[in-house]
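Fit chain B to the supplied structure of chain A, relying on the hints for placement.
Which chain is which? The protein sequence lines are A and B, in order.
Heads up: the first sequence is residues 775 to 887, going by this note's numbering.
Heads up: the second sequence is residues 115 to 227, going by this note's numbering.
Be aware that one or more of the hints could be misleading.
Said to hold, decoys possible - Pairs of lysine-lysine residues, derived as DSS-like cross-links and limited to a Cα-Cα distance of at most 27 Å, are as follows:
#: 1; chain 1: A; residue 1: K851; chain 2: A; residue 2: K874
#: 2; chain 1: A; residue 1: K796; chain 2: B; residue 2: K152
#: 3; chain 1: B; residue 1: K150; chain 2: B; residue 2: K136
#: 4; chain 1: A; residue 1: K823; chain 2: B; residue 2: K152
#: 5; chain 1: A; residue 1: K832; chain 2: A; residue 2: K874
#: 6; chain 1: A; residue 1: K796; chain 2: B; residue 2: K150
#: 7; chain 1: A; residue 1: K796; chain 2: B; residue 2: K133
#: 8; chain 1: B; residue 1: K133; chain 2: B; residue 2: K167
#: 9; chain 1: A; residue 1: K832; chain 2: B; residue 2: K133
#: 10; chain 1: B; residue 1: K155; chain 2: A; residue 2: K796
#: 11; chain 1: A; residue 1: K832; chain 2: B; residue 2: K136
#: 12; chain 1: B; residue 1: K123; chain 2: B; residue 2: K136
#: 13; chain 1: B; residue 1: K155; chain 2: B; residue 2: K136
#: 14; chain 1: B; residue 1: K150; chain 2: B; residue 2: K123
#: 15; chain 1: A; residue 1: K874; chain 2: B; residue 2: K123
#: 16; chain 1: A; residue 1: K823; chain 2: B; residue 2: K133
#: 17; chain 1: A; residue 1: K823; chain 2: B; residue 2: K150
#: 18; chain 1: A; residue 1: K843; chain 2: B; residue 2: K150
#: 19; chain 1: A; residue 1: K823; chain 2: A; residue 2: K851
#: 20; chain 1: A; residue 1: K874; chain 2: B; residue 2: K150
#: 21; chain 1: B; residue 1: K155; chain 2: A; residue 2: K851
#: 22; chain 1: A; residue 1: K823; chain 2: A; residue 2: K843
#: 23; chain 1: B; residue 1: K154; chain 2: A; residue 2: K796
#: 24; chain 1: A; residue 1: K874; chain 2: A; residue 2: K843
#: 25; chain 1: B; residue 1: K123; chain 2: B; residue 2: K152
#: 26; chain 1: B; residue 1: K155; chain 2: A; residue 2: K874
#: 27; chain 1: A; residue 1: K832; chain 2: B; residue 2: K123
#: 28; chain 1: A; residue 1: K832; chain 2: A; residue 2: K796
#: 29; chain 1: B; residue 1: K167; chain 2: A; residue 2: K843
#: 30; chain 1: B; residue 1: K136; chain 2: A; residue 2: K851
Said to hold, decoys possible - Cβ-to-Cβ under 7 Å is the rule here; a few derived chain A residues that face chain B:
#: 31; residue: T794
#: 32; residue: K796
#: 33; residue: Y813
#: 34; residue: F820
#: 35; residue: L822
#: 36; residue: E840
#: 37; residue: K843
#: 38; residue: F864
#: 39; residue: G880
Everything labelled a hint here was simulated from the structure, so no lab data went into it.
C-beta: ideal position from N, C-alpha, C; glycine also.
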Amino acid sequence: AQSVAQPEDQVNVAEGNPLTVKCTYSVSGNPYLFWYVQYPNRGLQFLLKYITGDNLVKGSYGFEAEFNKSQTSFHLKKPSALVSDSALYFCAVRPLNTDKLIFGTGTRLQVFP
Amino acid sequence: DTEVTQTPKHLVMGMTNKKSLKCEQHMGHRAMYWYKQKAKKPPELMFVYSYEKLSINESVPSRFSPECPNSSLLNLHLHALQPEDSALYLCASSQLRGFYGYTFGSGTRLTVV
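So here's chain A without its partners, still in its complex pose:
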């Protein structure tokens, strides 16, 4: 079965410190990979995507993600966290030749002043 795992329900980090939110996937072929962020009572906002090419992709708001094919991982990173980054983060994969996005369970990021 195709699935996306986000092993941490919550990640806590101090403002100014680097952050990592983990994501691994189990999908056949070479899917397209995405990160979305959700603020309370809002829809999901696109952060970044990996299609092909450089394993480090840069996205919105200073976020970046590192693709590792051998580990089937796509971890979200940011060099210096802001309190305003506190939100719910979802990793998602889109298998080739489908219109479905498969979401991970989400990770709540809490950045403390």
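For chain B alone, coordinates are given in the frame of chain A:
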């Protein structure tokens, strides 16, 4: 226009009521989606429309009835809902296939009383 617009933002309805949720996009996307999201959970796919035709129904109860009148509009008709149907209902759109993510609306917060 790079947005997906959902109305209403909030809806309270009784179990015998009939109501509709509306979604609109003008990005030329030919795939549109309805998702249901419970608090602190990932979105769950309900329906997919491709070229205005229903292509995926994730075994959703018949009290939810989708409709796609044209390529820009997507409706979700609600009838005889249960309190457990209370959730955030998200609409999304995307280009068909390819390496595209979704563009999400802000959602309709539905409460069934």
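Original post:
Quick check: which numbered hints come out false for this structure?
Top reply: Result: hints 7, 9, 11, 16, 18, 27, 29, 30, 31, 32, 33, 35, 36 and 37 break, sorted rising.
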